[in-house]
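Colleague: Residue numbers (our numbering), protein chains in the order written: chain A, 1 to 420; chain B, 1 to 420.
Read the hints as simulated data drawn from the structure, not as lab findings. Just so it is clear, the structure is predicted and the values come from calculations on it, not from any experiment. Treat each hint with caution, since some may be false.
Since the list gives no way to pick out one identical chain from another, each pair is judged satisfied if it fits inside one copy or across any two copies.
[What the hints assert, rightly or not] 30 Å max Cα-Cα, derived DSBU-like pairs, lysine-lysine:
| id | residue 1 | residue 2 |
| --- | --- | --- |
| 1 | K370 | K2 |
| 2 | K408 | K33 |
| 3 | K33 | K162 |
| 4 | K11 | K217 |
| 5 | K31 | K2 |
| 6 | K165 | K262 |
| 7 | K2 | K262 |
| 8 | K214 | K165 |
| 9 | K217 | K153 |
| 10 | K165 | K221 |
| 11 | K2 | K33 |
2 protein chains.
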Amino acid sequence: MKYNSIDEANKAVIEKIIGSAPFLVDVVPAKSKIKELTEGKVLLHAGPPIKWEDMTGPMQGSCIGASLFEGWASNEADAEKMLANGEVTFIPCHHVNAVGPMGGITSANMPVVVVENRSEGNEAYCTMNEGIGKVLRFGAYSEEVITRLAWMKNVLGPTIAKALKLSEDGLNLNVMIAKAITMGDEFHQRNIAASLIFLKEISPYIVQVEMDEKDRKDVIKFLADTDQFFLNIMMATGKAVLDGARKIEEGTVVTAMTRNGKDFGIRISGMGDQWFTAPVNTPQGLFFTGYSQEDANSDIGDSAITEAFGVGGMAMIAAPGVTRFVGAGGFQDALSTSNEMMEICIDQNSNFTIPTWDFQGACLGIDARKVVETGIEPVINTGIAHKQAGIGQVGAGTVRAPRECFEKALEAYAQKLGLI
Amino acid sequence: MKYNSIDEANKAVIEKIIGSAPFLVDVVPAKSKIKELTEGKVLLHAGPPIKWEDMTGPMQGSCIGASLFEGWASNEADAEKMLANGEVTFIPCHHVNAVGPMGGITSANMPVVVVENRSEGNEAYCTMNEGIGKVLRFGAYSEEVITRLAWMKNVLGPTIAKALKLSEDGLNLNVMIAKAITMGDEFHQRNIAASLIFLKEISPYIVQVEMDEKDRKDVIKFLADTDQFFLNIMMATGKAVLDGARKIEEGTVVTAMTRNGKDFGIRISGMGDQWFTAPVNTPQGLFFTGYSQEDANSDIGDSAITEAFGVGGMAMIAAPGVTRFVGAGGFQDALSTSNEMMEICIDQNSNFTIPTWDFQGACLGIDARKVVETGIEPVINTGIAHKQAGIGQVGAGTVRAPRECFEKALEAYAQKLGLI
């Protein structure tokens, strides 16, 4: 390899992360950026590759919802039959510069945010956050869900796109993240500050867009009320930054972590697009009234890109408020978690200093070698879906990335380097 | 007294604080709520009573600015002559249900926020935050300052008033404060989260107000950019809540702390409207480029009502980010400060739990007895004005309330109770 050591290669990777310049530049129909979505009936999904029959309930539910949204079927039974018949092609979001929360199901006409990483010239995409309650990403597909998706396609997406055009340069995401991390967000289960900062940045443009006044009010109200709106922007940011850093093509830095409900998959910088997988764990956490641990689906979603980026569970100390939502104890537990996570990271990200961590930078660069050496598995803050299709979110909690993925990745990289 | 002990009286006072129900209900010209402002040339000022000749530079500068704003004079020299001639009556804000930041200068036609404390049926008022840079409250009075004040009177104030009317009930301030305290605000030198939460609450109504589109854009942009906008709302909230609690008229709970640049004044629950004063200290802190400690004006402003309410410097641990702005060290220093402040408080406010303090409630009820016994003086986070009129803010820092005020208050209360 062109580096003198794995440490040197890893340093090059993390320098690309620190030097990244992600901007939110547009919202477009997914098909306008991802040409694979125009080739017949295609759905993107979270995690490493998976077949319909291996998908867990919430991902199947999301597929049914997307089929109804796209007009491929007019009812649940027809949609399910079509999906089971093999009429739909499934592609991981990660294979087409995208990420998707929970089921991650993304279809041609869903609007996606476009994050441009100007330091590397690459882009990443993610659907927009639907809010809470009955939502597609958690496997719900009732009329309420489909109606909201249609509104997002027809009103919300185009409005934000027009507003972003008025901003000329787009929105500087590093600056927004740097502010929000001082305001108690960890960007996976808590994005309340970042979502407000997004509202602050976008609302002066939204009031200038020529549009129906009722629609304008609905858009402002939706953004004001959707505390997790920034999550999907953060996911696209993590994807854009880590895909830029992946260009180094050497080293043991984790460049993606994701789950499809069956398998947990990781990528490391030295092994390009290859997935290293192991069976997923099931999150432990707190449940909404009427639900319990036995309703919990196994771990699912591309949103663990946030932890690969050094935030989410890794940045628990930035967001002590989130511990009461994911059942992770109190302030001292949040501190212990981030301190533990630093044991498997290479450095700290000076772009994102955390006041509650005495102004230390966020975790930067999970080193697969350190995960294997220490046995410390990355912690992920996650939403918990009901294991049956059609129900939706039932709680939130934490889950660990299985060490086996990291062992497999190291073994493959050692072989590539001719070390074993 | 009608209580069995001072402790019992104090408990009654803090129960009124916890049980308070402050709502932001309106924005009106000051004269429409404060009839004293309609009786000739009258200016409200911060702190206990003070004469023109004893005012420090920034307060005199604010008086000149207010005179220009009201059209009482057309230039600085005429305004100063008029003020020095005794043509203007000065009244403390606190004497007319109001509070004002820094100089606290409030004139008849300035818009004030109206906070209604529904548990006690009383109201409090405060001017609106002008943003940063050249602003009246820090003693600047250039054309830029007066132009902005006119815009606030003609556009900003009426717009927010109309938006609040659309909200029907007004905005529930306890809920907004409870959210923002989990997001790194201490509400004196850091209101960035609370200001965004205000934007989130008000913007869906602002888009519904019938108004000029350019004005609407300007209002949204001003609110989006003014990180300290919530400070003045918080001050009116503290005033409304503590004035409600003062109705107990017994006990040693501090119900106001304020400074006029010359004297620091406090009130305690058992002594009603009486001020107990001592010479103010001068804040120590960090200075903007080109300024230093020797430019600092002595301590000034009604904004220490936030500390009397248990936030501001008392809640330093809620806002570790602010320590880098006021020069108060790092996370551990913030923790030490709040822990020290708890030694002079009676209880913790369960309405406002602080995640970074392991979910303990904010300080509640400074007990003048504890201040005297321990020698621990309340700490105040404060802006620092240039000591000359016309310049404005030069930094931010911390300052202590002089113990002498508390000693005098206790002595007077002991006399009232016939104890000495």
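Colleague: Each of the hints needs a verdict: does it hold here or not?
Modeller: Going through the hints against the structure:
Taking the shortest alpha-carbon separations for K370 and K2, only the intra-copy value of 22 Å comes in at or below 30 Å, while the best inter-copy value is 67 Å. Proximity of K408 to K33 under the C-alpha cut-off of 30 Å is found in neither arrangement, the shortest distances being 33 Å within a copy and 72 Å between copies. Taking CA atoms no more than 30 Å apart as the test, K33 paired with K162 passes inside one copy only; the shortest distance there is 17 Å, against 43 Å between copies. Taking the shortest alpha-carbon separations for K11 and K217, neither the intra-copy value of 47 Å nor the inter-copy value of 45 Å comes in at or below 30 Å.
Taking CA atoms no more than 30 Å apart as the test, K31 paired with K2 passes in neither setting, with 38 Å inside one copy and 75 Å between copies. In this assembly of identical chains, the alpha carbons of K165 and K262 never lie at most 30 Å apart, being 40 Å within a copy and 52 Å across copies at closest. Taking CA atoms no more than 30 Å apart as the test, K2 paired with K262 passes in neither setting, with 36 Å inside one copy and 69 Å between copies. Taking the closest pair of Cα atoms, K214 and K165 come within 30 Å of each other both inside a single copy (21 Å) and across two copies (18 Å).
In the homo-oligomer, the alpha carbons of K217 and K153 lie at most 30 Å apart both inside one protomer (16 Å) and across protomers (25 Å), since each shortest distance falls under that limit. In this homomeric assembly, K165 and K221 come within 30 Å of each other (Cα to Cα) both inside a single copy, at 21 Å, and across copies, at 17 Å. Taking the shortest Cα distances, K2 and K33 never come within 30 Å of each other, neither inside one copy (33 Å) nor across copies (75 Å).
Consistency note: the structure conflicts with the earlier hints numbered 2, 4, 5, 6, 7, 11.
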